[in-house]
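We have chain C; now place chain Z with the ligand onto it with these hints.
The chain contents come next:
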Amino acid sequence: MSGDVGLRDAVAVIGVGETEYSKRSGQSPVALAVEASLAAAEDAGIDIRDVDGFLPYASGITTEDMMANLSLRQVTFAPTIRMGGASAVAGLLYAALALRAGLASYILLLRARNGSSGPRVGDRRSTGAGEEFKEDFELPYGLNTPGQRYALMCRHHMHRYGTTREQLGAVALAHRAHANANPTALMYERTLTMEQYLTARPIAEPYHLFDCCLESDGGAAVILTTPDRARDARRPSVLVGGVAEGHPQSADSLLGRDDFLEIGLTTAASRAWAMAGLGPSDMDAAMVYDCFTFQTIQQLEEAGFCPRGEGGAFVEDGAIGPGGRFPVNTHGGLLSQAHILGLNHVVEATRQLRGECGDRQLARCDAVAVTGWGDLGDGALAILHR
Amino acid sequence: MTTTERPRPAGYDDHRPFWDGAAAGRLVVQRCTQCGAVRWPPRILCGACLSPEVEWVEATPTGSLFTWTVIHHTTLAGFKDDPPYAVGLVEVTVAGGLVRMLGGIRGCAPSELQVGMALRAQFEVVDDGALVNWVLVGDDERQET
Ligand SMILES: [Zn+2]
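First to last, the sequence lines map onto chains C and Z. Position one of the first sequence corresponds to residue 1 (our numbering), numbered consecutively onward. Position one of the second sequence corresponds to residue 1 (our numbering), numbered consecutively onward.
Selected chain Z positions facing chain C (in silico; Cβ < 10 angstroms): (1) G11; (2) Y12; (3) D14; (4) R39; (5) G47; (6) T67; (7) I71; (8) H72; (9) T74; (10) P84; (11) Y85; (12) G88; (13) V99; (14) G104; (15) N133.
If you're looking for bench data, these hints aren't it; they were derived computationally from the structure. Remember, it's a predicted structure, so these values are computed and weren't measured experimentally. We treat Cβ as the ideally placed atom computed from N, Cα and C, and that holds for glycine.
Here chain C stands alone, though its shape is the one from the complex (with noise of 0.2 angstroms):
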């Protein structure tokens, strides 16, 4: 598959909007679909009815829920993408095939959800891959929830690499500080010391409260179309260079990896690199799927931006933080802006391309990467530039 450029620049960003991010929206996440729809046609410069291809979330608001509340007159492309929160940013290759194929001509992605206080994120009952595995042999031992899944796969880096907490931590204040810049994020007045990392609460051993990600209200849309179309855009378009999807082995369950650490990315990256013509060390910053501080340096290691074992020392000292070495999730993530499922990743890499962040803009921008996790290890990687 390497070499295969085929996909290349085959989408364009025309158009990114978001609802506010709070912890009570007091609207319907389908009443926060509609208001970050219409705040990304109105950024793309175009008539929302124009929209006939839809990028639907397997849990989440329904082709028919925009169909009917955005008086889209057809939907000729909607594919359901079930890979979790992996499913933003491969949504990206499935409008790809779509524009190729001219199979739709503005396509709508979008996430909307009330994670903070609608039923509660953390409360209910996991579901997804594998379930007759789970009902059978994990939540009989009181194991049901992302968090502790993956504060396994952290357990077992912190004993074979020696990652340490304040490595985690550093992840941690590194999303805040970006935060602290960003008045659309959660945590914008929040600041967040080492000191308060380690003494926080333990949630899921190693994890802590502060290397989980917030359950947050709100809702993100982007607008995709061809290149081509993107030129009659109100702003300047972003491109996805490349975009490929992956999948673990054993992709339903933890049990039944020879490679403990192997994950969806792992795979897609190379492929997303080669059909990009780019590789790692041509990225100003990368927009890092944060559900937990481990994950974050995990993904950076499977992407390729440092060996494995090495993404502790490479979080270090601030180096992805404000003003760091190699920034990632300048808007503050999962972690620290808001738990949009990814797609925020995509509208906050969409704007550092085109320069509008203000004071938290990269002084240089040419090519940010973006990644997606989801239901045990899906991923997904897009490269993402001007």
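Just chain Z with the ligand, lined up with the frame of chain C:
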């Protein structure tokens, strides 16, 4: 089941031999009768040779701690009085290979757990199935084995 009860194994048919074994104090996993590869979790086909021919073979009910988490915040009402409790993956050697199994880790304070600790399976019959937790092998026990 009411929400304050502990979740019990649902007892899917594909896993039935495991329950029958555990209820009799035997730890069993799948092995391909074509190529001899052992596997866990249970699968329809052998991952190595795709054969559907499978037998359930008994493993020595001991293993070593591979990784674990100590759960302080549970979202399962039936476990609300348990934290902190440890759940981990245990490497078990079976003729034909090695598998990783998941269960509660007992027998010492969660803060004292270490990778590689020797563990022994502890069987507990519940409803139609059985739970298999893992307890630390004591020093005296280890000398015997
Ligand atoms: Zn076989």
